[in-house]
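Novice: Read off the chains here:
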Amino acid sequence: MLRIINLHVSVEGKEILKGIDLQINQGELHAIMGPNGSGKSTLAQVLAGREDYEITAGSFTYQGEDIIDLPPEERARRGMFLSFQYPVVIPGVNNIYLLQAAVNAVRKYRGEEELDAVDFLAMIKSKVKSVDLDNSFLYRPVNEGFSGGEKKRNEILQMLALEPAFTILDETDSGLDIDALKIVAEGVNNFRSPDRSFLVITHYQRLLDYMEPDYVHVLSEGRIVKSGGPELASELEQRGYGWLRERAGENGSTVESA
Amino acid sequence: MTVTTNKSSGIKAYGRHLDRLQKKGVFAGQPEEYADVRHAAMAAFTKHGFPHRKQEEWRNTSLAALQETEYLLPEAGEHFTGKTPFYHWADGTRIVIANGRVAAGLSNLEGLPRGVRVESLADALSSQPERTLNYLSKAANYASRPLIALNTALWSAGVFVEISAGVTFTGPIQIIYLQTSIDQPVLSLPRTLVVAGENSQVTILEQHMGQGEATYWADSVTEILLDRNASMDYILLQQETPGSFQTHALQAELTGDSSLSLHTVTLGGGLVRNDTSVRLAGEGAEAYLGGLYLAGSGAHVDNHTKIEHAVPNTSSREVYKGILDGHGHGIFNGLVVVQPEAQQINADQRNNNLMLSDDALVHSNPQLEIYADDVKCSHGSTVGRVDDESLFYLRTRGIDEESALRLMINGYAGEVTSRIGHEGIREHLDQLAQSWIDGEDTASE
Ligand SMILES: Nc1ncnc2c1ncn2[C@@H]1O[C@H](COP(=O)(O)OP(=O)(O)OP(=O)(O)O)[C@@H](O)[C@H]1O
Ligand SMILES: [Mg+2]
Chain A
9 MLRIINLHVS
19 VEGKEILKGI
29 DLQINQGELH
39 AIMGPNGSGK
49 STLAQVLAGR
59 EDYEITAGSF
69 TYQGEDIIDL
79 PPEERARRGM
89 FLSFQYPVVI
99 PGVNNIYLLQ
109 AAVNAVRKYR
119 GEEELDAVDF
129 LAMIKSKVKS
139 VDLDNSFLYR
149 PVNEGFSGGE
159 KKRNEILQML
169 ALEPAFTILD
179 ETDSGLDIDA
189 LKIVAEGVNN
199 FRSPDRSFLV
209 ITHYQRLLDY
219 MEPDYVHVLS
229 EGRIVKSGGP
239 ELASELEQRG
249 YGWLRERAGE
259 NGSTVESA
Chain B
3 MTVTTNKSSG
13 IKAYGRHLDR
23 LQKKGVFAGQ
33 PEEYADVRHA
43 AMAAFTKHGF
53 PHRKQEEWRN
63 TSLAALQETE
73 YLLPEAGEHF
83 TGKTPFYHWA
93 DGTRIVIANG
103 RVAAGLSNLE
113 GLPRGVRVES
123 LADALSSQPE
133 RTLNYLSKAA
143 NYASRPLIAL
153 NTALWSAGVF
163 VEISAGVTFT
173 GPIQIIYLQT
183 SIDQPVLSLP
193 RTLVVAGENS
203 QVTILEQHMG
213 QGEATYWADS
223 VTEILLDRNA
233 SMDYILLQQE
243 TPGSFQTHAL
253 QAELTGDSSL
263 SLHTVTLGGG
273 LVRNDTSVRL
283 AGEGAEAYLG
293 GLYLAGSGAH
303 VDNHTKIEHA
313 VPNTSSREVY
323 KGILDGHGHG
333 IFNGLVVVQP
343 EAQQINADQR
353 NNNLMLSDDA
363 LVHSNPQLEI
373 YADDVKCSHG
383 STVGRVDDES
393 LFYLRTRGID
403 EESALRLMIN
413 GYAGEVTSRI
423 GHEGIREHLD
433 QLAQSWIDGE
443 DTASE
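Sequence order for the protein chains is A and B.
The opening residue of the first sequence carries number 9 in this note's numbering; numbering runs sequentially from there.
The opening residue of the second sequence carries number 3 in this note's numbering; numbering runs sequentially from there.
So here's chain B without its partners, still in its complex pose:
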């Protein structure tokens, strides 16, 4: 059997999953209209197949290893009975999907104020199809994106957050996708839909984590819709296991005067590919995209971002920072597109990479595609080692080399986390980053 037939049989296998899940009644109660969407999405996935390295967008990331594995798609994952392995706030609002099921026992949806809805996306689709279909798959277009298509066709457990107009909730809302270790590799399909109404304000932490030796492929889709003058702090935290694959598409759509602060923090993992896409579709909209990726040996973290200025008077700022150690591999591919009618826009894009080892590898490719003439755009990227001048400076203040290095690396990472408004989340992320850095330090000793 050649590799090619292997691949296509793999693709067909995913197609059979859809029929099987439908027969088993996993999607029971969901509107007919969405069944059609699932079929159309599966058709798109079958047509395009997996992305491959001949495509410009996938030049540095190969999914070959992922295709060689047969991932199970259990109609209902194991019940998770363990202790809460994640950080959370006492009485904090959270919804937990463990092994592909909503884990009611781990979630806390008590006492949500009026106008804040946090619920299972599948439940919402069954009980309020019209309201849900109003938003679902509006930002995440699957037609030409096979990984979004696969998720759209097969997802069974997801989260729907809706903040009504004028409501402020910065609690935060915690959305947790947890994968624990089972005997066989599984495919998990996290699906998140977040809708912020006019003049609303909200902080959301979406967390993906694997435990222990878990090997899985998480093909995730997050859709974010911001109505007029809505303001959102969105933190995406990825703590995957070394044996895992994470392909995550995040699509955000911003209407007039809305503002999105999006922070993507990736702590190691196996192969991580983030396709983050933000569309500034209304005048006065502004987006900040912060990214922090830490990759040591065995980790391959690929961030592809696209910011589209579709209308005039919009602004975006992007800062992605990587710390690469061991044989870690980091990729940043940032595209800013300014459409012809989008005059008077501001866009700034930065990517910095700190290399802690000679064996680590980075590909950085910031790009501007500008079709308007009256714009202010800048971009740049750096790849460098720890600055010797700074190290010497700190040491002349009595700080030993090891501590000085840590201080500098933490400071470097802190430039991304310091932009997070919620103090608790910021401190938690700083701690996670610090223990990763400490871990890498001891590992290399």
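Chain A extracted, bound-state conformation:
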């Protein structure tokens, strides 16, 4: 599904990602954990097509194709979705308007008929309910005045509407209360299927308890310094990241894989 090879990325002249290698196969859910500022969001945004982040070396392919030159909208139409760590407010644009425009852009790309307002509403209403939002959220400007948790549930709503093949969740669990975390995790779990893949960025083991990742990676200072199974998450929960940093330092740039 996604293959990243020796990816180096600079932001405003500063190297943030320093050689990432990662392969995510169809149906797999990978988790990325790591200290603040280690480059997790940078990786997510580069994959989604952010243009002001400069790829200085390396490459990545999606569904077997090099997509580095594709604009973000084209990646989205091919089934990539990023749930933002900080969802953006779009003043004056109603949520339902964005959702319908997005769904129809993707449908058009797939050669499917675009949905009119009535059909779209019928389709979206059950999804709104499944993330425990009120229908009134459809008619409010995108993310305007939404609470932190509401924003994240709105991201999941967009995922459910767009039905992506590859989903990146960037700290979708941050700012969620315990019930909302459950709703989001269940939403994602129900959405999982043998042909859908996920990259889940999180700081907390709790989300992973619900989601059961196939692999857990630790990103530190722009490198994946350790990879393992779900048990790595609980180890990190207990020990923090300090021990990994020291080891990364000792071993130079060698990446330890499980």
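Bear in mind the hints are in silico, worked out from the structure with no lab data behind them.
Note that the Cβ used here is the ideal one computed from N, Cα and C, for glycine as well.
Possibly wrong hints are sitting among the right ones.
Derived Cβ-Cβ restraints for the label pairs, each shown as a range [stated by the list, open to error]:
1. B:433 with A:144: 24 to 30 Å
2. B:107 with A:155: 55 to 61 Å
3. A:152 with B:215: 39 to 45 Å
4. B:215 with A:122: 36 to 42 Å
5. A:122 with B:143: 53 to 59 Å
6. B:433 with A:148: 20 to 26 Å
7. A:217 with B:329: 56 to 62 Å
So the derived list for chain B, only partly shown, Cβ under 8 Å to chain A, looks like this [stated by the list, open to error]:
8. 391
9. 409
10. 416
11. 417
12. 421
13. 423
Chain B is faced by these chain A residues, among others (derived, beta-carbon under 8 Å) [to be verified]:
14. 63
15. 104
16. 195
Use these hints to put chain B with the ligands onto chain A, whose structure you have.
Specialist: Coordinates of chain B with the ligands only, in the frame set by chain A:
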């Protein structure tokens, strides 16, 4: 001949217009008392002359080009025979002034309910002088305002709307001033008087539009008077031609517990200068002022607003938003004055400008003048480009860059129009704004 003598001869020429129109009987039947007002107003105009850039209020807008042109003031404009070029509602109430004449054929004043009067201001002045003079020139003081003075001295076709106490009419009432293209530049002097009685409720759309290549100067005055607990949605829509000048003074006076929602929407045009002044004169009065101005190359849109809190317990909220493209020029100068006795008032003033081009220019100057101490006032202004974060966000949802931009720009404009209560007007304005935005997009491609 120097420029200065040119100017003063221009001013004198306008003075001669008054004598000429009077001799021709254009004002026949109007009360002697109002003839005196016309003369006093002309004297004020002659005394002050045109506003000029040395005056603080006119620092960013020059009327020099306007003074170089000799504008005709026909005693009766051409009859308008074309099709209705404006949007209107089937069976909707409307009064149309085309080329300076009431166009009865385009107007629809049938079946107005009791207590709703929509009529020619000149007719009202002749047939019911006392009733009319009760209100006319009460809010629009011409003594120190030469452009109001000029209109007061010379207007010949106008509109008088009066809503009686307790009456609700949200139809809306459409007032249309239409200028079509003729061979020579003309001066048009739209004059609107709106009076809302106690506990009345009304929606009014005042529309100014020029057609085709029309070059004209419209020097407009609108007076709005709200009696106790009256509630009004007033939309001023300006669709002027690129070769036109529009100077528009709107003066509103609010008595106790009345509420005015005023929306000023300017779609391009040549030079537009709006002097909008709202006076909160009775306790419990509240005003909302929304503004949307779209200016591309060739357009210069200057909004000067003044909100005066004259008494305690009044509130005002102002949101003006501009979209500037090409070499467009936008000016916002908003003044909120809180008089010493006006304690416990609320005032919020915002001006935002969205720049779509590096060549566009904006001057934004929100000001507070507060003489009371127990008040809640805030203001602010922004000038910015389309937000890259938002654009990226929309694109990651599969929406192409062009559509995402339009979505954002329309959303930005929609924040002003969404406050308009009348759905039909709101949708119409959204469409007009959208086609302007689309037009600008294709123009810059
Ligand atoms: N536009 C930018 N300009 C300068 N530095 C940036 C920019 N964007 C990101 N960075 C820097 O890149 C580094 C990585 O940021 P990133 O957001 O990817 O971290 P993260 O791992 O997601 O952290 P967190 O866990 O706090 O979300 C940080 O040091 C950040 O300050
Ligand atoms: Mg992050």
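Novice: Please name the hints from earlier in the document that this structure breaks, with their numbers sorted from lowest to highest.
Specialist: The structure breaks hints 12, 13, 14, 15 and 16; every other hint is satisfied.
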